[in-house]
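K.L.:
Spelled out from the first residue to the last, the chains are:
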Amino acid sequence: MTMTLSLGLGAGAALFCVGLFGAMWRRDAVGALASLAIMAAGAGTSLASLSRFESAARTSGPVMTVFVIVVAAAEIALGLALERRARRPNRREWREGNAV
Amino acid sequence: MAAAVFLLLLDAFLPGRSRELALIGASVAVVAAVLVLLAGRGAVSLGGARFAVDGAAQFARAATCALLAVFCLWASGAPADAKVPGRAISLALVSGAGALAAAGARDWLTLLLAVEVATLPLVALLGAGEGRDEDRALLLPHLVASGAATMTLAYGVSLLLTSSGSLEISRSEVHGAIGWLAAALIILGLLAKLGAAPLDVPARRAFATAPSWAVAACVSLPRIPVVLALARAVEVLAPQVPSSSVALYGAGAASMAWGLAGAFGESDLRGLAARAGALNAGFVLLALGAGGAFGLRSALFYAFAYALPSLGLMLVASEEGPALAALAGLVRRRRAAAWAIVVFSMSFVGVAPTVGFLGKLHVLGGALRSGATWAAAAGLVVSVASAVPFGRLVRSVFSAEENRREPLEGRAVAATAAIAVAVAATVLFGAATGPVLAAMGLALS
Numbered sequence: 529m530t531m532t533l534s535l536g537l538g539a540g541a542a543l544f545c546v547g548l549f550g551a552m553w554r555r556d557a558v559g560a561l562a563s564l565a566i567m568a569a570g571a572g573t574s575l576a577s578l579s580r581f582e583s584a585a586r587t588s589g590p591v592m593t594v595f596v597i598v599v600a601a602a603e604i605a606l607g608l609a610l611e612r613r614a615r616r617p618n619r620r621e622w623r624e625g626n627a628v
Numbered sequence: 192m193a194a195a196v197f198l199l200l201l202d203a204f205l206p207g208r209s210r211e212l213a214l215i216g217a218s219v220a221v222v223a224a225v226l227v228l229l230a231g232r233g234a235v236s237l238g239g240a241r242f243a244v245d246g247a248a249q250f251a252r253a254a255t256c257a258l259l260a261v262f263c264l265w266a267s268g269a270p271a272d273a274k275v276p277g278r279a280i281s282l283a284l285v286s287g288a289g290a291l292a293a294a295g296a297r298d299w300l301t302l303l304l305a306v307e308v309a310t311l312p313l314v315a316l317l318g319a320g321e322g323r324d325e326d327r328a329l330l331l332p333h334l335v336a337s338g339a340a341t342m343t344l345a346y347g348v349s350l351l352l353t354s355s356g357s358l359e360i361s362r363s364e365v366h367g368a369i370g371w372l373a374a375a376l377i378i379l380g381l382l383a384k385l386g387a388a389p390l391d392v393p394a395r396r397a398f399a400t401a402p403s404w405a406v407a408a409c410v411s412l413p414r415i416p417v418v419l420a421l422a423r424a425v426e427v428l429a430p431q432v433p434s435s436s437v438a439l440y441g442a443g444a445a446s447m448a449w450g451l452a453g454a455f456g457e458s459d460l461r462g463l464a465a466r467a468g469a470l471n472a473g474f475v476l477l478a479l480g481a482g483g484a485f486g487l488r489s490a491l492f493y494a495f496a497y498a499l500p501s502l503g504l505m506l507v508a509s510e511e512g513p514a515l516a517a518l519a520g521l522v523r524r525r526r527a528a529a530w531a532i533v534v535f536s537m538s539f540v541g542v543a544p545t546v547g548f549l550g551k552l553h554v555l556g557g558a559l560r561s562g563a564t565w566a567a568a569a570g571l572v573v574s575v576a577s578a579v580p581f582g583r584l585v586r587s588v589f590s591a592e593e594n595r596r597e598p599l600e601g602r603a604v605a606a607t608a609a610i611a612v613a614v615a616a617t618v619l620f621g622a623a624t625g626p627v628l629a630a631m632g633l634a635l636s
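From first to last, the protein sequence lines stand for chains A and B. Just remember that my numbering sits 528 ahead of the position in the first sequence, which is counted from 1. Just remember that my numbering sits 191 ahead of the position in the second sequence, which is counted from 1.
Think of the hints as simulated: they come from the structure by calculation, not from any bench. Here the structure is a predicted model, which is why all the values come from computation and not from measurement. Every residue, glycine too, gets a C-beta built ideally from N, C-alpha and C. Incorrect hints may have been included.
Label-pair distances were calculated between CB atoms; the ranges are [what the hints assert, rightly or not]:
hint, chain 1, residue 1, chain 2, residue 2, range
1, B, Gly562, A, Leu608, 44 to 52 Å
2, B, Arg526, A, Ala605, 42 to 50 Å
3, A, Arg580, B, Pro389, 31 to 39 Å
4, B, Val579, A, Met552, 28 to 36 Å
Taking the hints into account, I'd like the entire structure generated from these sequences.
P.N.:
Listed below in structure tokens is the structure:
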């Protein structure tokens, strides 16, 4: 199959819509955060396709893709940190539970 | 940003010195405000990112620095049970640095990154208090909503690049359906960052268990630069999209109605702050619907008129408790704090002589000037109806039943000074109408 700009933009749109749906409807933290990554992948796919087929976006496309991925990674890292902190057992209860 | 890193290191090596760190933060913010006002206007390129400082950017930057200084000053004198940790001051400074960058961003990539730096630390700030670990799970929907807004903005920019071939904001061109979709996604992403309806719902849940001082920072610090970014996006993109003015007025009226409907049932000031955010976003859209320089000026001034009393009100709530029941009979315990709440509430409703009155006058005047009488009428009705939730707050403060509590321990004069500055600015900017309008016209020319 030949890669075309329309195909790249279509794949980007599909990924973005799937990610947006997941971000709105998923109730579990990991699922919702993964949806953000899928949205970022949608934007990244569109930008990468543009840089491949449009001379005006040859430099700006990949640079922006990298930054979008970095931003998504920062969001997901903070989300996972909050989730981990929320699930951490209460320190006092933990100490009392483990006291000999 | 350097000051934020420095404070983070100081907090690690000198724990328990949060008051001193807050005082350093306030000093840094004041110096930054003075530098912003003294620095000339022009374009700067920093590490490939393009910034341009014009009158609007200068106003947004100076106002953000002033709000940051008030927040840090209050933190340096906060009572013992509302102590702000050093890492929270550091996060507020990082957010302030992002806000300053967002105000001057001239290309979409810089704008995207700056808005993210201005808003992401505030999610961490909401969880920086001494609350229960389980409550931090409530921050996740807010974080996901904020992340989805950023990704919507990024996807909109990628589509705009298809349409115009340039990342420079002023050179953005909207062609065909893809261009219209790109413009809509960019404006939606920035609106979501402002907490427009219905995204005030996850914000309200996140605010419900967060300390009031963290809510104070969230609703005030990034507000003015994000409104400026939205105004710039609308200024460039909206004229190229058919019927954009009607869409802006319609979305504004819907956000105002949503925010107001939610505010009626609130009995907690943190929830009211989230609802007021949606209400404010509606008024900003009304201002931008007028278009041109007048629309940008009124949106920017209204953002300031909202951020200032929001900060002041939430700082008082940090000391006395955010629930309306906790504020019952406050006038007998702390007369000055009670009158401060009255002034902030008047500003929210838009009663003269407060900054909120002048802000709403600008917005509704712009809607009338552009011929959208129905939008002006909707704004007026919402303003009058907003007297109900804020009137309930004032009634609680002056109620005969008193919520008896111990005197505040460890509260220093800096906290009083910070709230006094917020009250004085709320009244002065509203009372000195002529000089303020003249200065605004000069600054934003």
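K.L.:
Determine whether the Cβ-Cβ distance between Arg580(A) and Pro389(B) falls within the hinted range of 31 to 39 Å.
P.N.:
holds (37 Å)
K.L.:
So does Arg526(B) sit 42 to 50 Å from Ala605(A), Cβ to Cβ?
P.N.:
holds (47 Å)
K.L.:
Could one say that the CB atoms of Gly562(B) and Leu608(A) fall in the range 44 to 52 Å?
P.N.:
holds (51 Å)
K.L.:
Measuring from beta carbon to beta carbon, are Val579(B) and Met552(A) in 28 to 36 Å?
P.N.:
Given a distance of about 31 Å, which is inside 28 to 36 Å, the answer is holds.
Hint violations for this structure: none, all hints satisfied.
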